[in-house]
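S.K.: Here is what each chain is made of, one letter per residue.
There are 2 protein chains.
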Amino acid sequence: MADATAPARPAKAAVVGCGVIGAAWASRLVLSGVDVAISDPSPQAEAIMNEVLANAVTAWDDLGLRTDQRGTWRIASSIGDAVADAEFVQESVPERPDLKKAVYGEIETALAGDAVIASSTSGIKPTELQADLAHPERFVVGHPYNPVYLLPVVEVVGGEATTPGTIERAQSIYRSIGMHPVHVRVEIDAFIGDRLLEAVWREALWLVNDGVATTQEIDDVITYGFGLRWAQMGLFETYRVAGGTGGFRHFIEQFGPALEWPWTKLMDTPPFTPELVDKIVEQSDAQSGHLDVRELERIRDRNVVGFLKVLEANQWAAGAAVAAQRQGQAQD
Amino acid sequence: MADATAPARPAKAAVVGCGVIGAAWASRLVLSGVDVAISDPSPQAEAIMNEVLANAVTAWDDLGLRTDQRGTWRIASSIGDAVADAEFVQESVPERPDLKKAVYGEIETALAGDAVIASSTSGIKPTELQADLAHPERFVVGHPYNPVYLLPVVEVVGGEATTPGTIERAQSIYRSIGMHPVHVRVEIDAFIGDRLLEAVWREALWLVNDGVATTQEIDDVITYGFGLRWAQMGLFETYRVAGGTGGFRHFIEQFGPALEWPWTKLMDTPPFTPELVDKIVEQSDAQSGHLDVRELERIRDRNVVGFLKVLEANQWAAGAAVAAQRQGQAQD
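Protein chains in written order, with numbering that gives the first Met the number 0: chain L, 0 to 331; chain W, 0 to 331.
Worth double-checking, as some hints may not be accurate.
Where chains are identical, the list cannot tell them apart; a pair therefore holds if satisfied intra-copy or between any two copies.
With a straight-line Cα cutoff of 35 Å, these simulated DSBU-like cross-link-like pairs (lysine-lysine) come out [stated by the list, open to error]: (1) K278 <-> K124; (2) K11 <-> K100; (3) K124 <-> K100; (4) K308 <-> K278; (5) K11 <-> K124; (6) K308 <-> K11.
Keep in mind the hints are simulated off the structure, nothing from the lab.
Isolated chain L, as found in the complex (with noise of 0.2 Å):
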């Protein structure tokens, strides 16, 4: 029975631009019961859409998911073709402003006047991407971290010609595919998830730039430590525990002065010289080449689920989104 207060889940979708991104999201709409028809110029696009389809049922499988209640799929011959009847449109092509641009041009000539545009860009503002569109305020950023068909969260941002509307309407659709979407309020470049990134690799750089360690020694250093904190209590929770029963006002009287301290000077970025490239590319060859990336991304896939699995059951954190999957698709 339909619930009035459920997340409105489309029948129809549109991806267009199945690269890595793409297909995650084709994947995770798939498998949520809607259609979707994918555009993408490259011959390669379903077989990448073959791949990453096939990695996300064996993760929701894993997961306990259902899969038996799939969407459609198919690749369109063109862009019109794949949003013709779209309710909804992902676009995930390769950042390029004048690229995007061009694609959003395609699409409105032939999208039905009130589906939302979501764009999966990493940073650039959604004010420039829709600029050039007749009906700018149906456009959405919908940024997603891959797997998108694992990974719950998507930054919901919107520009300044965005309704409010478009933002609640592409949190419903997003909830209604299991995600998390958290709502962007102010419109920033690389929004919140990778102005955080941004800042670990510019570091990560320097310290791979000046001998200081290596690309494995930097991962080890997050993966035996800080990151096992981050698949479950993020950076502020995290300190708030840290800082003992004098909450975080305690933490902020023992920590923060080290704001003021020399390492917080080491911001600029090293340049990028082809001798910076060649000593990342070998040392992350030594680190991890010996495995296809086809297999990493396997292991990665049983990690997160298992990760997931635990939070679920210890009804925290992400184990919150999975468990309104599982009870979604118990429903359906």
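Starting from the known structure of chain L, arrange chain W on it as the hints suggest.
M.R.: Just chain W now, with coordinates in the frame of chain L:
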């Protein structure tokens, strides 16, 4: 039977400073079969130790590690009393160089000549800390991540006067209590992990300061997003996978240019005004204030134990440290 290549576990160790970190060190040592003498001027030290050890026992029980081969522990009457017969000293007093140096003076007066002194400092260079020691060659930084009794990583950093033998011995001691030492070969402020964490903290402060996101929203992006990845693959391995079959060079070609984008300019630190502190404290209270910090610690430990079990079953990342620990216990 003793294995000549087995890491050298000390019979007796001293823990100087028994706050959250010191007590967690003492707990890991005790559960690993080491007799520990604890020195801390606070009347709360014994209560903190009892509380943290109880958490550690629960965590190890849940993880399926033996907790019946414990060493003893006692609160010593002075630093001299604590270290007199110790083979290894772990110092975890507050992050003030003057205080730490004064403590080292007291330690040296009573300590046997061949014992290693390790500091838990999260950012002060060992060359500075060892400057006044009569035997600086046996001083080293051993920087852990909380909860120390669960997270395996420890950054081992020598100062200019530290001998290679001391680095070796410290790593061996840490391995003997189930840890994964990462030798930071170049002495820099904040070492590896806190360089990364400091960068995230700075960006997060800006996001709160500028009203872009609340502490809850930032933590959600982490725990429903990239935090789930980082418990099992670090920055570089994750991006290698994101680069697809093209390897890391392909990833850098795609993503490297983003470093030149405007968001990399947001690199100074927001002033720590009372208003900013109030804002963070209020948001953190709204996010986590309904849970006692002790309850948060237990939740964290249950989650991390679950992740470690998943990783051990999948023979991946920090799972290796747990497997080695389990094997070590079986041989005892």
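S.K.: Hints first: check each against the structure and report whether it holds.
M.R.: So, going through the hints one by one against the coordinates:
no.: 1; hint: K278 <-> K124; in the structure: both (32 Å within a copy, 26 Å between copies)
no.: 2; hint: K11 <-> K100; in the structure: within (23 Å within a copy, 67 Å between copies)
no.: 3; hint: K124 <-> K100; in the structure: within (12 Å within a copy, 50 Å between copies)
no.: 4; hint: K308 <-> K278; in the structure: between (38 Å within a copy, 34 Å between copies)
no.: 5; hint: K11 <-> K124; in the structure: within (27 Å within a copy, 59 Å between copies)
no.: 6; hint: K308 <-> K11; in the structure: within (30 Å within a copy, 40 Å between copies)
Hint violations for this structure: none, all hints satisfied.
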